[in-house]
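Each chain is listed here by its residues.
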Amino acid sequence: MANSVERRNLEPWQDPRAMPYVRIDHVTKKFNDIYAVDDVTLDIYQGEFFSLLGSSGCGKSTLLRLMAGLERPTAGRIYIDGMDVTDMPAYSRPVNMMFQSYALFPHMTVEQNVEFGLKQDRLSRQERAERVSDMLTLLQIGELRKRKPDQLSGGQRQRVALARTLAKHPKLLLLDEPLGALDKRLRESAQFELVNLQERIGITFVTVTHDQEEAMTMSTRIAVMDAGRILQVDTPTAIYEYPEYRFVADFIGLVNLFEGRVVENEGDQVVIESTVGRRLRLRDLRPHAIGAPVTVAIRPEKLSICETYQEDGVNQIKGVVEDIAYLGDVSIYRVRVSPAMLVEMTLTNVQPRTEQVLTWGQEVAMEWSPTSGVVLTE
Amino acid sequence: MNHGRWKLYTFLGLGLAFLYLPVLLLIIYSFNESRLVTVWTGFSTQWYRELMQNRQLLEAAWLSVRIAATNATFAVILGTLAANALVRHGRFRGRTGFQLLLTAPLVMPEVITGLSLLLLFVTLEDLVGWPNGRGFTTITIAHITFSMAYVAVVVRSRLSQMDRSLEEAAMDLGARPLRVYLSITLPLIAPALLAGWLLAFTLSLDDLVISSFVAGPGSTTLPMVVYSSVRMGVSPQINALASIVVLIVAVAVCIAGFSLRQRSAGANSPPRA
Chain A
1 MANSVERRNL EPWQDPRAMP YVRIDHVTKK FNDIYAVDDV TLDIYQGEFF SLLGSSGCGK
61 STLLRLMAGL ERPTAGRIYI DGMDVTDMPA YSRPVNMMFQ SYALFPHMTV EQNVEFGLKQ
121 DRLSRQERAE RVSDMLTLLQ IGELRKRKPD QLSGGQRQRV ALARTLAKHP KLLLLDEPLG
181 ALDKRLRESA QFELVNLQER IGITFVTVTH DQEEAMTMST RIAVMDAGRI LQVDTPTAIY
241 EYPEYRFVAD FIGLVNLFEG RVVENEGDQV VIESTVGRRL RLRDLRPHAI GAPVTVAIRP
301 EKLSICETYQ EDGVNQIKGV VEDIAYLGDV SIYRVRVSPA MLVEMTLTNV QPRTEQVLTW
361 GQEVAMEWSP TSGVVLTE
Chain B
1 MNHGRWKLYT FLGLGLAFLY LPVLLLIIYS FNESRLVTVW TGFSTQWYRE LMQNRQLLEA
61 AWLSVRIAAT NATFAVILGT LAANALVRHG RFRGRTGFQL LLTAPLVMPE VITGLSLLLL
121 FVTLEDLVGW PNGRGFTTIT IAHITFSMAY VAVVVRSRLS QMDRSLEEAA MDLGARPLRV
181 YLSITLPLIA PALLAGWLLA FTLSLDDLVI SSFVAGPGST TLPMVVYSSV RMGVSPQINA
241 LASIVVLIVA VAVCIAGFSL RQRSAGANSP PRA
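Residue numbers (my numbering), protein chains in the order written: chain A, 1 to 378; chain B, 1 to 273.
In short, the hints are calculated from the structure, not lab data.
All values derive from a computational prediction rather than experimental measurement.
Take these hints with a grain of salt, some might be off.
Computed from the model, here is a short list of chain A residues facing chain B with C-beta under 7 angstroms [what the hints assert, rightly or not]:
#1 Ala68
#2 Ala90
#3 Tyr91
#4 Pro94
#5 Asn96
#6 Met97
#7 Phe99
#8 His107
#9 Phe116
#10 Gly117
#11 Gln120
#12 Ser124
#13 Leu254
Quick reminder that beta carbons are idealized off the backbone N, C-alpha and C, glycines included.
Chain A on its own, in the form it takes in the complex (with noise of 0.2 angstroms):
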């Protein structure tokens, strides 16, 4: 694995003299009048595992299927090693898909469907024959490979499906979201597996995904969509500590959002006055305009249990405990601060449940430094 960790350490996007693997430069996809995905911008490197996160109906998938060939832009240029792509059908383009029902042929043996592709490229029987059974041993799936796609567990056929789009040693694989068909046991193992797999074959990954802790996990970078449009192009640390807009704070993990109104800069600090009434001071490096609306992004488990609470304190808060999420490693407490806001903490279950200090309708002041935030002007 230390080859791995080196891989990972790389992070070609720093670096101005790297090419980018794939280049998708202002491209659009409209529907009839409807844009599916408007105007983006985006390189992708060789080895990533990127990951394009957003909800469903935000362009994501429209665009897997752009880079695949099987939908053409209304405008722009897509590029893959260098090479312009966008005028190319599906069936000259080096790149390969999983779909997401995994799209096996129901009337082929395993064998016959990761043959399938090299059956088109006209390699000879011996080729294709020691590749689909260097295939079948990669994903460990030798003794399927006389059954037919039904008679295979959701899992055996996430495999299949893969061993049939590497088959072709695609310069590129797109998933759209591999692991979606999958039961969530089965899912956090393929999580590993499908990472592992990706760092030995050294082949590019895009995939699709609405599951942001599934992005987390395995992605190298997350590009975060709405509406059509790249947000945010960061890796999975940048999007979850330092996210640049509200909707990317909202849609990763839990957040508190507080509104308010920049009071002051204090060197490398903001002051901001909330509307709850509290001041709140941020480490942020930008100068902000006095009196400009602002939102503050908190994650529950940077709160804290306040000992030294203050009625003019900064990055202190107070409520109610009006619901208590327990999860087993961790507890969310929702407290109502007030009649408008719930503020969510996450704490951490060090003592058995029966031994927490915190119940239901419990008066409980919150703190938090002014590093765990960040401040968001859009």
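Since the structure of chain A is already known, use the hints to place chain B on it.
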């Protein structure tokens, strides 16, 4: 067994009897020894033996089978093309009109279909000298016009159930459109094609009205022979012949139904979210 259920079975029995008792009687009486169709005197297979020596009937049967097979083959080809156009080519100009024209033969009275085709053939012969007289060709063409509509309905439903991503996957794996059609689409709709073929075959085999209009001298089909001989008085040979036809039709319908049901699970992959 409770009261309601008992009633249900009684009505089911009555319904089935209403539908199939006449056919059953016909089959039983085909093994009757007597020349009189309505009087049972004993078991015999003599009418089957006599049937085998009746050249007129056998020739008519052979002609009918040839027409039915040719008709079914063309109907499947044309019906499949029509179904493809309707399912796969979106909202093209004239689609509604095409759809109406395609389903018209399903509801058109046979007398009208027969008469209009006869007029067409006569006019065509006057104008271009084809078809030269009426017979095998004209009957087959007439049958194709209505049976392709049935085929189109069957194939269309199968095509629209099919998961589009199967074809997209094939294309993504490097198959050109024709190859996709031959190695993915066709095998998956094959049960519907078989069912459509058998349906067209049986429709043609027992068609009397349309055939009567467009048939010529020397091209008498089996239903026409049966119909005309019944008017002279029913010979038990007809019973024997009818029993054989019932057997063939029953087998064909069973195969068609079975092949449609079989593997229909395979075409229904989980839907896209």
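For this session: Return the status of the interface hint for serine 124 of chain A: holds when the least beta-carbon distance to chain B is below 7 angstroms, violated otherwise.
Result: violated, 16 angstroms
Exercise. Would the stated hint for proline 94 of chain A survive a check requiring a Cβ distance to chain B of less than 7 angstroms?
Worked result: Interface hint status for proline 94 of chain A: violated (10 angstroms vs cutoff 7 angstroms).
Problem set entry | Interface hint outcome for phenylalanine 116 of chain A [beta carbon to chain B under 7 angstroms] | The hint holds - phenylalanine 116 of chain A has a Cβ within 7 angstroms of chain B, the shortest such distance being about 6 angstroms.
Exercise. When the nearest CB of chain B is found for leucine 254 of chain A, is that gap smaller than 7 angstroms?
Worked result: violated, 24 angstroms
Problem set entry | Hinted contact tyrosine 91 of chain A with chain B - closest CB pair below 7 angstroms | holds, 5 angstroms
Problem set entry | chain B contact restraint for glycine 117 of chain A - C-beta distance below 7 angstroms | Cβ of glycine 117 of chain A sits 3 angstroms from chain B, so the hint holds.
Exercise. Against chain B, with CB atoms and a cut of 7 angstroms, does the hint on histidine 107 of chain A hold up?
Worked result: holds, 5 angstroms
Problem set entry | Agreement of hint alanine 90 of chain A with chain B interface, Cβ distance less than 7 angstroms | holds, 5 angstroms
Exercise. Minimum Cβ distance from methionine 97 of chain A to chain B below 7 angstroms?
Worked result: Constraint on methionine 97 of chain A satisfied, holds at 5 angstroms.
Exercise. If you take the shortest Cβ to Cβ gap from glutamine 120 of chain A to chain B, is it below 7 angstroms?
Worked result: holds, 3 angstroms
For this session: Answer holds if the nearest beta-carbon of chain B is closer than 7 angstroms to that of alanine 68 of chain A; otherwise answer violated.
Result: Holds, because the Cβ-Cβ distance from alanine 68 of chain A to chain B comes to roughly 6 angstroms (cut-off 7 angstroms).
Problem set entry | When the least beta-carbon distance from asparagine 96 of chain A to chain B is tested against 7 angstroms, hint result | holds, 6 angstroms
The earlier numbered hints that this structure contradicts are 4, 12, 13.
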